[in-house]
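Novice: Chains as they are written, first to last, in the working numbering: chain A, 1 to 304; chain B, 1 to 310; chain C, 1 to 408.
Each hint should be verified, as a subset may be incorrect.
When the alpha-carbon atoms are kept at most 16 Å apart in a straight line, the in silico EDC-like pairs for lysine to aspartate or glutamate are as follows [stated by the list, open to error]:
(1) C:Lys395 x A:Glu64
(2) C:Lys30 x B:Asp167
(3) C:Lys403 x A:Asp44
(4) C:Lys403 x A:Asp65
(5) C:Lys277 x C:Asp32
(6) C:Lys90 x C:Glu328
(7) C:Lys158 x C:Glu235
No wet-lab data here; the hints were simulated from the structure.
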Amino acid sequence: MGSRSLLQRREGRAAYLFIAPWIIGFLVFTAGPMVASLWLSFTDYSLVDPARSVGAANYQQLLEDPRVAKSLANTFVYAALFVPLGTVVALALAMLLQKVGRASGFFRTVFYLPVMTPAVAAGAMFLLLLNGQRGLVNQVLAWFGVTGPNWTSDPAWLKPSLAVVSLWTVGGSIIIYLAALNNVPRQLHEAALLDGAGPVRRFVSVTLPMISGALFFTIITHTIAAMQMFDQAYTMFYGPQQKSTASDESLVYMVYLFQNAFEFFKMGFASAMAWLLFVIILVITVIQVRVGNRFVYYEGESTR
Amino acid sequence: MTTEVRPVPPAVEPPSAPLTEPVAPQGLSPAGRRRSLGVGKVIRWLLLLAFTVAFVYPLVWLVGASLKPKSQVFDNRLVPETIQWSNFQEVWNAGPVLRWLVNSVTVSVMAAVAVTLSSALVAFGFAYFRFRLRGPLFGLVLATMMLPGAVTMIPVYLIWHQVGLIDTQVPLWANNLFGSAFYIFLMRQFFLGIPRELFEAARIDGCSYLGLFRRIALPLCRPALIIVFIFELQASWSDLLKPLIYLQTEEYFTMPRGLKQIVDGFALSGEYHWEIAMAATLVATLPMIVVFAFGQRYFMEGLATTAKQG
Amino acid sequence: MGFGGEDEVGQSRIAAFKAAYPSVQVTNNKGDFDAQQFLTALASGNPPDLVYMDRNLIGTYAKKGAIVPLEDCISSQKVDTGQYREAAMKSVTLAGKVYGIPEFYIVTTNLVDTTSLQQAGVAVDDIQTKDWDALKATATKLFKRNGNKLERIGFDPKLPEYFPLWATANGATIIKDDGAPNLNDPKAVEALAYTVGLIDDQGGWTTFKSFRDSFDIFGEKNPLSAGSVAAFPMENWYVNVLRDFIGQGLKLDSTPFTNHDGAPVSMVGGSAWAIPKGAKNPTAACAWAKTMTDQATWMKAADARIAKVKKDNSFFTGLFTANKPADEAIRAKYLTDVPDPGFKRAIDNFYATLDSAVALAPSPAGAEIDAAWRSAVTRALSGQPAQQALDQAQKEAEAAFSKANGNG
């Protein structure tokens, strides 16, 4: 305590004042419920009767239930498909937008429109568009001589279908990348050009490092979101009209969790599932942060 | 230490080299200019067009579907064979839609304002100050994003029940007074990019911490503020789950909840009125589209202003 | 909670209740039954007084104690449970106690597109489910494809939803009366193998399903009008939808869905009113359920429906209420003339199967058993042998059943 200077102590106090809103909210609305759900994961809670303690039975069932492993695998595959693809597509579109000048306002709205469309309507539309027999996507593919698969009924193509639907809503990331790209100092590009760097070299050595912070943010948040994906899968494959034909290939983790919580009356087990997911996401994020710290370019902290 | 998140956000222009235009240059050498005027530009525009079509088509279809009679909704035509404006009439008449619109606006704006301000405050705390618990606490912030909301939903509901605020709109936005991990993370990235010299200079001039926040950090990161506001506005506007479990009185409903009532009301004994559902969806979505179309202009201006600040 | 009641049949009955009980204030949290909404309210001690849900959920919710037995309600309000059809009552009774008041009765019969049949030279009577081998031949004759694209399905067995129907028609009881699962009964396996075979002969599951998904069930290009399906078993409400398309050339006909002896068989669907645990005003809730479903109220609903039908210049297609005397009275009074003979046969077939329709026995593990056979059917459709698929389902279902029973 004595080794900290007065400045540091004052900074510390001020910091806590700034952070106070989050801390209060955390203690009231987050910590309590998180602890409650952890406790629930050791119980059998049907939502109708009070929770009954069952020790580690839920966690044991996590290991034994084949659907848990399957849904986890499905979710991983989906995330592995969507996160890289989504990042690349969003970045590419943001870069395209940057060079458009005044019309970019129109395009920004266009690309963000899908984000504003309610998931229920989007699910219905994509079921139509992706239909293997009559959907527009396969019709367009046919123009190029490609026979499209049965996107929505062939078990092998269900996760790619979900990835396609999710790709449609990357508008938010496009906007974030656009802000980041626009903040790359012009004279860096100019200097690179003077040095004779071509567009690819400029991209790799100037653009990428300068936006690496935004990339870091979006990759981490996209991964977390992908592991928790629910809306798309539920509205496309598990809504009331589709439910009976759902294949195990499209069962993502959150859908199975939801089913356990609200259809099978096993809220305790669902809570255990949630905490398992929490640990998994935590591990993945830690790995991503460590890798990120090596590749992300430090600039704004040059005076440290 | 190694888990502390210290990435670099998009760098904000240091005062010595003002950017006159926020757009990256398009090839300065004559050869480069000639190149980009040719194939590159055409390809660029083609790609943009292709993606525009891909992104917009479902929405255009939605507009078309909302104007079709039930028997034509799924006939794959963009332009309806028969235009049935009465779908909207039916939606409008089926409930206090105007009231719901007002409710949605109120709730979303309050939610967005609350979360933008609180997240900015908290993010600044994590970005500027150096204190011992900074790393672990920020890790905790991130961790709150990792637990699925489905399992904390019921304990949270119970909390609101204890306070007696079920069947009011308060639970729909009050959580946002305390910041939200996603936005805190985002804003922190932006704040971290502000060069320390700016702050030091202001401190020497006797600026308070709050002053640093208000006069330096916020203005320089206006695009981030706008992004957060718009994202949260959109998220709160389209949220169905919270109104579904917290609101019981029809008058307090927000648009998504109200529209669910209308659509379900038409879908009796197995007949599902898709045309009503599509019209309802359009009514729910249109306000946000309008807001965004106009709002994103300010976002662009915000970028330009940021760059001009010396 | 869970009741929309927006159409004339619902509105007229709500009005009847309000007239009979003017002092009771009714708040209707409108919208379809949503498990999250209901269970959250229940878990926090704030349940609605009355909930409206699908009858096949009643067993599970009853076993979990989410809804309460209605013995008191029935005796104090003098509800005559005898007026409700047996199959409907069976769905809402668990361990001898009644948990719901049934409303609506959804049955199935075969609907046929005569135009397609004529094109292929098939007689309407060939659409029959008595002789399964003959049916297979008929379906293949009606099936049409163009390379990779299907053009017409001959006979759609409606898997997975209708698996219980086929199993029952073959003589199997997939859920025993005490709720125990019996999914791999040899007759059920036979039914599954047969229907999967039907689908395999008509394009294979993934193509078949994509084609079926692309149907516009409610539109002009509905599968029967467009000739995408020549015949399939379908529920009674669909006739209302099809009625609109007579003017556009739809030639409908119907044959009963029968078992191997030729007797009509159907599964039954429908909803029920139930009282949640912790409801604060069960008496009024009970009065509501009783009034909504008694004969006098149904007659008023039928009146409203007839008025609407006259206004729309259309014809009455029957009202299936789960209340037997009401059904018969309504039929006698209003089902007077159906202009289109094909539609008349369809409506008659629906009415004919009312008495013989069966419901699956409710089970404490109802939801899990349902999930088990559904995924078994999906697996079978994707290639797993029927026996294996149902054996696995039976194992899962039995585990769930003993767990559910073990918890008292």
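Novice: So, against the hints stated earlier in the document, which numbers end up violated here?
Specialist: 5 and 6
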